[in-house]
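J.: Chain by chain, the residues run as shown.
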Amino acid sequence: MEFKDYYATLGVEPSADDKAIKTAYRRLARQYHPDVNKEAGAEDRFKEVVEAYEVLKSPEKRAEYDQIRQYGHAGQTFEAPPGWQPSGGFSGRHEQFEGDFSDFFESIFGAQRGGRQQHRAARRGRDIELELPVFLEEILGETSKPIEYLLPSYDEHGLRQTDQRKSLSVKIPAGVSDGERIRLKGQGGLGSGGAPNGDLYLFIRLVPHPLFDVEGHDLLITVPLAPWEAALGARIEVPTLTGRIHLNIPADSQSGQRLRIKGKGLPSKQGVGDLYAVLKVVMPPRNPEQARTLWTQLRDAAGFDPRSQWSK
Amino acid sequence: MATSLIMQLTLEECCQRVELPEDILIEIVEYGIVEPGGTTPGEWRFDTAALSRLRQARRLQQDLELDWVAVAVAMDLLGEVERLRAENDNLKRRLLRFLEP
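Respectively, the protein sequence lines represent chains A and B. Each residue of the first sequence is one higher than the last, beginning at 1 in the numbering used here. Each residue of the second sequence is one higher than the last, beginning at 1 in the numbering used here.
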């Protein structure tokens with residue numbers, strides 16, 4: 001296994017005092033805490049920092065580690081010295097990473113969690129929170145969606161084992177909104193000693209749709225129009241989440257104007273939302289000679305100044 | 001698989017779930033980190049969103065060695081950042097639809 005240089009992890013000298021170690025930990029924890037920093041890799045870095053601090057903040061563990069440190073250096077493989085006995089039995093408090101310290105840590109200090117007092121005691125399984133990406137089409141009616149997730153598992157001594165892969169089919173409630181939580185009772189971590197399992201919480205994330213934007217329970221779709229369609233009015237086809245419909249564009253429509261299509265939004269407890277067609281007037285990419293002639297006639301006849309506000 | 005959106009935990013049940021002592025949980029409610037339904041601690045009911053916020057509060061308090069007032073401030077700001085990010089993403093997407101040919 002790889003040797004861990006806990007001093008380097010915290011960016012302190014091996015001679016650093018407790019205060020310097022504490023300050024370094026707080027600074028790095030603040031920087032990489034997964035609740036604060038959503039960047040990839042932040043959580044792994046944070047776990048390393050927590051592990052390093054777990055060792056260096058305790059005088060006994062630090063002394064033990066300093067002794068071990070004479071045998072290895074960062075980047076090298078590490079073998080515990082002959083006759084070394086993991087000290088074990090201490091009480092860590094970082095339960096959110098239960099048993100999640102490195103093999104290097106466990107070879108020196110023994111396994112973190114289950115080896116402690118909870119061993120064989122009845123203990124409710126952990127609750128697990130997961131993000132569940134959901135497509136807009138899936139919340140129109142009651143849909144079932146297969147999900148797969150990993151359950152942490154422990155052997156009878158409380159040592160962390162390979163995670164168990166678990167599959168479920170989840171009913172997505174109609175009209176569920178972004179950020180809502182769905183609870184699946186008993187589908188979290190396994191309870192021990194006859195205690196119940198934890199629950200699984202699914203945190204709903206609506207996946208951005210290629211055509212529709214969400215505004216509460218209403219949907220928006222941007223509808224490109226030719227200039228003459230906006231000027232003269234038109235009857236066009238517009239996609240909705242459930243199929244195409246016909247929409248009348250009134251004459252003299254403007255870019256940015258919204259037309260309401262009732263009842264074609266997302267379902268909710270208060271009823272179904274609406275779909276808004278947001279109009280966007282688009283110029284043809286090229287104008288052949290004949291069209292240019294017509295635009296010229298229009299310019300001379302329309303008497304329209306789009307920047308009249310500036311001249312006031 | 002049955003799913004449910006509604007869950008109502010009493011103060012005692014909530015303490016067990018998030019592994020926090022009752023006096024601490026009462027303090028947390030006083031700082032407004034979670035806002036359970038009901039007026040007196042005996043009537044308080046905590047929902048799934050409160051449970052998730054409590055877990056986050058406990059993580060921040062332990063990992064960053066903060067006091068509960070600092071946790072309350074941090075969570076307010078983190079929530080605001082998340083809300084603004086989501087709104088910004090949404091507006092950016094809508095703007096792009098308008099700018100793209």
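No wet-lab data here; the hints were simulated from the structure. Note that the structure is predicted; figures quoted are calculated from it, not measured. Even glycine gets a Cβ: it sits at the ideal position worked out from N, Cα and C. A portion of the hints provided could be inaccurate.
[Claimed, not checked] Here are the computed distance ranges between Cβ atoms for each label pair: (1) A:K19 - B:E27: 23 to 31 Å; (2) B:P101 - A:G233: 40 to 48 Å; (3) B:P41 - A:Y71: 48 to 56 Å; (4) A:G141 - B:P21: 39 to 47 Å; (5) B:V81 - A:K19: 27 to 35 Å; (6) B:L91 - A:Y71: 51 to 59 Å; (7) B:E43 - A:F3: 53 to 61 Å; (8) A:A174 - B:L84: 41 to 49 Å; (9) A:K57 - B:P21: 32 to 40 Å; (10) B:V69 - A:A174: 23 to 31 Å; (11) B:E43 - A:Y71: 54 to 62 Å; (12) A:P210 - B:G38: 43 to 51 Å.
J.: A separate judgement is required for each hint: does it hold in the structure or not?
T.: Taking the hints in turn, this is what the structure says about them:
1. Our hint of 23 to 31 Å for K19 of chain A and E27 of chain B holds, since their Cβ atoms are close to 28 Å apart.
2. Judged by the Cβ atoms, the range 40 to 48 Å given for P101 of chain B and G233 of chain A is violated: they are separated by roughly 23 Å.
3. Taken as a hint, the range 48 to 56 Å holds for the pair P41 of chain B and Y71 of chain A, whose Cβ atoms sit roughly 54 Å apart.
4. In this structure the hint that G141 of chain A and P21 of chain B lie 39 to 47 Å apart at CB holds, the actual value being about 44 Å.
5. V81 of chain B and K19 of chain A have their C-beta atoms about 31 Å apart, which keeps the hinted 27 to 35 Å range intact.
6. For the hinted restraint 51 to 59 Å between L91 of chain B and Y71 of chain A, the CB-CB distance of approximately 57 Å keeps it satisfied.
7. Hint check: E43 of chain B to F3 of chain A, Cβ distance near 55 Å, so the stated range 53 to 61 Å holds.
8. Checking the proposed 41 to 49 Å range against A174 of chain A and L84 of chain B shows it is violated: the Cβ atoms sit about 29 Å from each other.
9. Checked against the given bound of 32 to 40 Å, the beta carbons of K57 of chain A and P21 of chain B, roughly 23 Å apart, lie outside it.
10. As the Cβ distance of V69 of chain B to A174 of chain A is approximately 41 Å, the hint placing it in 23 to 31 Å is violated.
11. Range check, E43 of chain B to Y71 of chain A: Cβ separation about 60 Å, and the 54 to 62 Å hint holds.
12. As the Cβ distance of P210 of chain A to G38 of chain B is approximately 44 Å, the hint placing it in 43 to 51 Å holds.
The structure fails hints 2, 8, 9, 10 (numbered hints given earlier, in ascending order).
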